[in-house]
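S.K.: Next come the chains, spelled out residue by residue.
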Amino acid sequence: MKTTNGIDFPSILAFSVHEMKNSLSTISELIQNFAKQNALQHPKELAQLEFEANRMNNSLMQLLILYKIDEAKFCPDIDEHLVSEILNEVLAQQNTLFTINGIDLEINCPEDLLCYCDFNLISNALSTVINNAQRYSKGRILLSAAREDDYVCFHIEDDGNGFPGHFLTQGSADNNTVNLNTGSTGLGLFFVATIAGMHINGAKKGMIKLSNDSCMGGAKFSLLLP
Amino acid sequence: MTINLKTQKILVVEDFSIMRKAIKEMLFRAEARNVAEAENANVALDQMAKEKFDIILCDYNLGTGKNGQQMLEEAKYRKLLPANALFIMVTAEQTQSMVLSAMDNKPDDYLTKPFNSQQLLGRIEKHFNRKQFFAEIELAIEKNNIPQAIVLCENLLAQKDPRTLSPLQKIRAELAIKAGDLQTAAYYYQEVLNQRELVWARMGLGVVAFHQHDIDLGIMHFQKVLSAAPMMMETYDWLAKAYELQGKHAEAQEILLKAVELSPQAILRQQKLANLADKSENLDVARVAYKSAIKLGEHSVHKSSGDFSGLAKVYCKNNDPKEAVKVIAALRKEFQNDPEAELRALTQEVAIFKAQNNPDLSAETYAHLAELSAKVEHLPKDLALDIAKTHQLNGNLEAAQELIDKLIINNIDDEFFINDVRSMNKTLGHEDQTEILIERAKKELIDINNQGVNLFKQGKIAEALDYLSNAAEKMPTNKTIILNMATILIQDMKRNGLTKEKLLKSNDCIKKATNLGASYDRLTHIRMEFAKLTEARNLNS
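If you're matching them up, the sequences are chains P and H in order.
According to numbering that gives the first Met the number 0, the first sequence holds residues 0 to 225 in order.
According to numbering that gives the first Met the number 0, the second sequence holds residues 0 to 540 in order.
So here's chain P without its partners, still in its complex pose (with noise of 0.2 Å):
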């Protein structure tokens, strides 16, 4: 796939993307050395480099993902796994944040709980979420997960103001009107939304769900998965 002046894009977007993951590797175990070594001088700068790298990652997961899905390249790896390992696997991810941001994170999950989705595409879109959450959080975060009728749902509930009206308006059942214009939010949730939909049993597609009904008093963020 070559364009008029002969650039290979595909292969040069791939090369690029491997470069800047190598970059983000070293710049996390960096963060992550300093935590150990400094969290005490500096907490709040390095809270803020370990978001900012985060988030970086996430941006460049989802575009590789949604291109390839523009492109017909991608389908989802749907298989059974434990809700308990996924739950694990977004805790490692984001670990560091909540250490160094001393948030309280629960997890609720039954822990025979089973599902069937992609277990990767799963667990970063929930880190995504996550490390939007922990902005927003005034010190807890709670995670669960839960069989609810014909779906497996997971929750992201926070204690922080809750989602601003306009979120609330555009973000339910249907993934198409999540509004990209809301900024980085906006994307990641345009991202899970669109993942979501692609884990489909029979006529049951996979949703998300915004509201502010938080046990705790904030957002609430739920992945349906049928």
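Derived from the structure by calculation, the hints contain no laboratory data.
Do not rely on the hints blindly, as some may be mistaken.
What the hints assert, rightly or not - Keeping only pairs whose Cα atoms sit at most 30 Å apart, straight-line, the calculated DSS-like set for lysine-lysine is:
id	chain 1	residue 1	chain 2	residue 2
1	P	Lys204	H	Lys240
2	P	Lys43	H	Lys23
3	H	Lys425	H	Lys456
4	P	Lys35	H	Lys75
5	H	Lys459	P	Lys72
6	H	Lys290	P	Lys67
7	H	Lys442	P	Lys204
8	P	Lys43	H	Lys223
9	H	Lys5	H	Lys49
10	H	Lys240	H	Lys510
11	H	Lys105	P	Lys72
12	H	Lys240	P	Lys67
13	P	Lys203	H	Lys169
14	H	Lys159	H	Lys169
15	P	Lys203	H	Lys159
16	P	Lys72	H	Lys240
17	H	Lys302	H	Lys510
18	P	Lys67	H	Lys223
19	P	Lys72	H	Lys223
20	H	Lys223	P	Lys204
21	H	Lys51	H	Lys130
22	H	Lys247	P	Lys72
23	P	Lys72	H	Lys290
24	H	Lys302	P	Lys72
25	H	Lys290	H	Lys105
26	H	Lys8	H	Lys23
27	P	Lys67	H	Lys294
28	P	Lys67	H	Lys321
29	H	Lys8	P	Lys35
30	P	Lys204	P	Lys67
31	H	Lys23	P	Lys35
32	H	Lys125	P	Lys204
33	H	Lys510	H	Lys142
34	H	Lys302	H	Lys353
35	H	Lys353	H	Lys321
36	P	Lys35	H	Lys5
37	P	Lys72	H	Lys142
38	H	Lys223	P	Lys203
39	H	Lys105	P	Lys67
With the hints as your guide, set chain H onto chain P.
M.R.: The following block gives chain H in isolation, referenced to the frame of chain P:
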């Protein structure tokens, strides 16, 4: 944490030194003490040849040499990867894993960069626990003891733990396929599908149908897989195989073209496409596929001189002998001191020089080819057929006939190849004669086997084996004779007890027949008989 990394031998393969150091530090902090590192695939393979690692973390992108997938392929091919070892491929992006997937050469997991120590250890622990759970079954499979693996698997299934049910159903179905028990395999795949439409289970039903010779049903399942998961690359290979079996070469080619467009990295698929297109004279497709195969072969265990000669042949047919000459030069450079490659080069050159209006040089090359080919034993069959054709075109009908005779006798139980011989002789106008030869070879094979079986029935076991061994010397790649030898050895041991020598010999026969591509039905039957024998022996000792 249930895994103690202290006792694990770990290999980190990564070209980027800072990254390598970072991963090593993560592992050290988790108490790992035995961590080796390699900056490229060749160094890693050397290390794997010297010691057995428990965990291998390998970056897909390793710079200029082999990539991680090619390294995994070679490690499996050279049997450098212990059955219970954990292989995790590190990729820059998640979508890479799909494009890479190739039959039989999958890592245990893909880990996307960047990752932190908690993610890395979490992943290792998850798969380590899984491996522990299946370890006994895997060990039985490695020892080729399928009946024992089935017993072990059924014991675990009886625990009825919903968390391990579906992976156990998958293994049970795969074991049933290995055992030739296709109905049981279909039962387990269907059980999974009753819960959920999962592509691997649908794929399994397709494979079962294929082995049951219900090719139409197999195709239906494969198509259903692709409509749900168009990136499930191995499905394209099965679908192409099914179409080929039905003689639908255009469809087979089309499906492989689609596959290489989505995932151009799989060398075996490119080779298959090149050969198919070459045979059906679809020269443009063949040229592109041969070129891709040559490029991919640069760092692959599947590198083949046949791809070079194939490409040269295509250029020659396209009236571009100049390009063909270049390809032959590259062939000679890549395969030095390789008689098979030299024969391939010479065979093409005879045609190339003729196309360049240089009959003298062509004749000279042909003489050289004739001389050298007489010296080389056991030519690959496609090359032998090409040489026979060259003999014929150069008026040496006797030599051509002799080679074709041998080819027919040797491969009379390979219907695809016999059809290739037929179509070649058709273009040369020798149809009738070929048919007579084929009939004669068929009859000869039946006679040989009857004679072997008769001797065996009369209790003359040594004579029966001698007789078949002699026949096998005459036609060393004939699967039927080799399998009959294995059968007689096994029957003999059943009646008269086991000996180490006979066990080794029958195991050899089974391996040989497997390599020659003997049919699924016959192979599974004999493998199971053999496994029963060895199991009885283990119980007695």
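S.K.: Are the Cα positions of Lys125/H and Lys204/P separated by 30 Å at most?
M.R.: 29 Å, holds
S.K.: Against the 30 Å threshold, does the CA-CA distance of Lys223/H and Lys204/P hold or violate the hint?
M.R.: Holds. Lys223/H to Lys204/P sits at ~19 Å (cutoff 30 Å).
S.K.: Between the alpha carbons of Lys8/H and Lys35/P, is the straight-line distance 30 Å or under?
M.R.: The hint holds at about 27 Å.
S.K.: Please work out if Lys204/P and Lys67/P have their alpha carbons no farther apart than 30 Å.
M.R.: OK: Lys204/P and Lys67/P at ~20 Å, within 30 Å.
S.K.: Given the hint that Lys353/H pairs with Lys321/H, does the C-alpha gap stay at or below 30 Å?
M.R.: This hinted pair holds, its Cα atoms lying about 12 Å apart.
S.K.: Lys5/H and Lys49/H: Cα distance at most 30 Å?
M.R.: 20 Å, holds
S.K.: Is the Cα-Cα distance between Lys302/H and Lys72/P 30 Å or less?
M.R.: 28 Å, holds
S.K.: Quick one, are Lys67/P and Lys321/H close enough, alpha carbons at most 30 Å?
M.R.: Roughly 40 Å between the alpha carbons, so the hint for Lys67/P and Lys321/H is violated.
S.K.: If you draw a straight line from the CA of Lys105/H to the CA of Lys67/P, is it 30 Å or shorter?
M.R.: 22 Å, holds
S.K.: Does the alpha-carbon distance linking Lys240/H and Lys510/H stay inside the 30 Å limit?
M.R.: Given that 30 Å is the threshold and the Cα spacing comes to 22 Å, the pair holds.
S.K.: Could you grab the alpha-carbon distance between Lys67/P and Lys223/H and see if it respects the 30 Å cut-off?
M.R.: 22 Å, holds
S.K.: With a cut-off of 30 Å on the C-alpha distance, tell me whether Lys35/P and Lys75/H pass.
M.R.: The hint is violated at about 40 Å.
The structure is inconsistent with the numbered hints 1, 3, 4, 5, 7, 8, 28, 37, although it conforms to all the rest.
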